[in-house]
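S.K.: Chain by chain, the residues run as shown.
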Amino acid sequence: MLKRIFPLPHHSILIFAVWLMLNNSLSPGHILLGIVLGILIPYLSAPLRIPQPSIAKPLKLFPYVLMVLKDIIVANIQVALLVLGPTKNIKPGFIAVPLDIKDDLPLTVLASTVTMTPGTVSAEVSQENEYLYVHVLHLPEDEQEIISYIKTHYEAKIKEIFGC
Amino acid sequence: MVFEIIISVLLIIGGLFILIGSLGLLRLPDFYTRLHAPTKATTLGLGSVLLASMVFTYKIEGYISVNELLITLFLVITAPVVAHILAKVGFHHQVKMTANTRNQELVKVARVRGKPQNKIEE
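For the protein sequence lines, the chains are G and E, in the order given. UniProt numbering puts the first residue of the first sequence at 1, with every later residue one more than the last. UniProt numbering puts the first residue of the second sequence at 1, with every later residue one more than the last.
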């Protein structure tokens, strides 16, 4: 019965919270509207959903987010220095990162993280999610360095969070 | 007074990084390298401006504004998607790369979403 009303309980809570944050208020009217939306939207959209692995260890998310935030700041400064310096010193390149993650949602998180962090933009995924193609703004002589950085820093932790 | 200094410093840092992001668009040599400037330099720039806005509403207007947190959240979700799609479009349009780009042959396999081991003959 409860499952019928709340097919996606996490989404209901998220919609409710985002609604209150969007309106920047805690007035009874908005709380009521938030509850209605939180029930109605998941109810209508649940049948469209493609099952994804759920987050197995939510507590591991916080150190991950903090690490990515730190990397974003470092990335910004590195890219800023590269942009301001002589541009002919920039040696861009492509790399193919072999993937252990096969599911779509964790892979999306990984690809987004790669784009947000130092000098890398994820560009394409091979069929059956076997390789992630990444454009690197400044590719060091040993490209294995960056590949293993992505694998140990991000992929391993995402695998742990999603438990896959 | 202290808050005003904090707000000003945050705004200057934010403006600086957004300026550098735009400069990157102008100065970097090709399409793919130009993708890096707006996805990175602007996240920190916009982050500082939003932080300044939060401090401002807290101090001057007297309430805690959370809209800025949502803007950050949506930015972090959408910016990588845009960069990813743009890079994909670049592959398919066979956009020119600067001559010193390494592993250019990977673009050919990436375009058909193949594995790097399978060589593609043009």
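Take the hints with a grain of salt, since some may be wrong.
Stated by the list, open to error - For lysine to aspartate or glutamate, the following DMTMM-like pairs were computed, each having C-alpha atoms within a straight-line distance of at most 25 Å:
{"no.": "1", "chain 1": "G", "residue 1": "Lys57", "chain 2": "G", "residue 2": "Asp104"}
{"no.": "2", "chain 1": "G", "residue 1": "Lys70", "chain 2": "G", "residue 2": "Glu145"}
{"no.": "3", "chain 1": "G", "residue 1": "Lys151", "chain 2": "E", "residue 2": "Glu4"}
{"no.": "4", "chain 1": "E", "residue 1": "Lys96", "chain 2": "G", "residue 2": "Asp104"}
{"no.": "5", "chain 1": "E", "residue 1": "Lys115", "chain 2": "G", "residue 2": "Glu145"}
{"no.": "6", "chain 1": "E", "residue 1": "Lys115", "chain 2": "G", "residue 2": "Glu143"}
{"no.": "7", "chain 1": "G", "residue 1": "Lys91", "chain 2": "E", "residue 2": "Glu105"}
{"no.": "8", "chain 1": "E", "residue 1": "Lys96", "chain 2": "G", "residue 2": "Glu143"}
{"no.": "9", "chain 1": "E", "residue 1": "Lys115", "chain 2": "G", "residue 2": "Glu128"}
{"no.": "10", "chain 1": "E", "residue 1": "Lys115", "chain 2": "G", "residue 2": "Glu141"}
{"no.": "11", "chain 1": "G", "residue 1": "Lys88", "chain 2": "E", "residue 2": "Glu105"}
{"no.": "12", "chain 1": "E", "residue 1": "Lys88", "chain 2": "G", "residue 2": "Asp104"}
{"no.": "13", "chain 1": "E", "residue 1": "Lys108", "chain 2": "G", "residue 2": "Asp104"}
{"no.": "14", "chain 1": "E", "residue 1": "Lys88", "chain 2": "G", "residue 2": "Glu143"}
{"no.": "15", "chain 1": "G", "residue 1": "Lys88", "chain 2": "G", "residue 2": "Asp142"}
{"no.": "16", "chain 1": "E", "residue 1": "Lys88", "chain 2": "G", "residue 2": "Glu128"}
None of these hints come from the bench; they were simulated from the model.
S.K.: Please go over all the hints and tell whether each is borne out by the structure.
M.R.: Structure-based check of all given hints:
no.	hint	verdict
1	G:Lys57 / G:Asp104	holds (18 Å)
2	G:Lys70 / G:Glu145	holds (20 Å)
3	G:Lys151 / E:Glu4	violated (43 Å)
4	E:Lys96 / G:Asp104	violated (30 Å)
5	E:Lys115 / G:Glu145	holds (20 Å)
6	E:Lys115 / G:Glu143	holds (18 Å)
7	G:Lys91 / E:Glu105	holds (16 Å)
8	E:Lys96 / G:Glu143	holds (22 Å)
9	E:Lys115 / G:Glu128	holds (10 Å)
10	E:Lys115 / G:Glu141	holds (23 Å)
11	G:Lys88 / E:Glu105	holds (21 Å)
12	E:Lys88 / G:Asp104	holds (17 Å)
13	E:Lys108 / G:Asp104	holds (23 Å)
14	E:Lys88 / G:Glu143	holds (22 Å)
15	G:Lys88 / G:Asp142	holds (20 Å)
16	E:Lys88 / G:Glu128	holds (17 Å)
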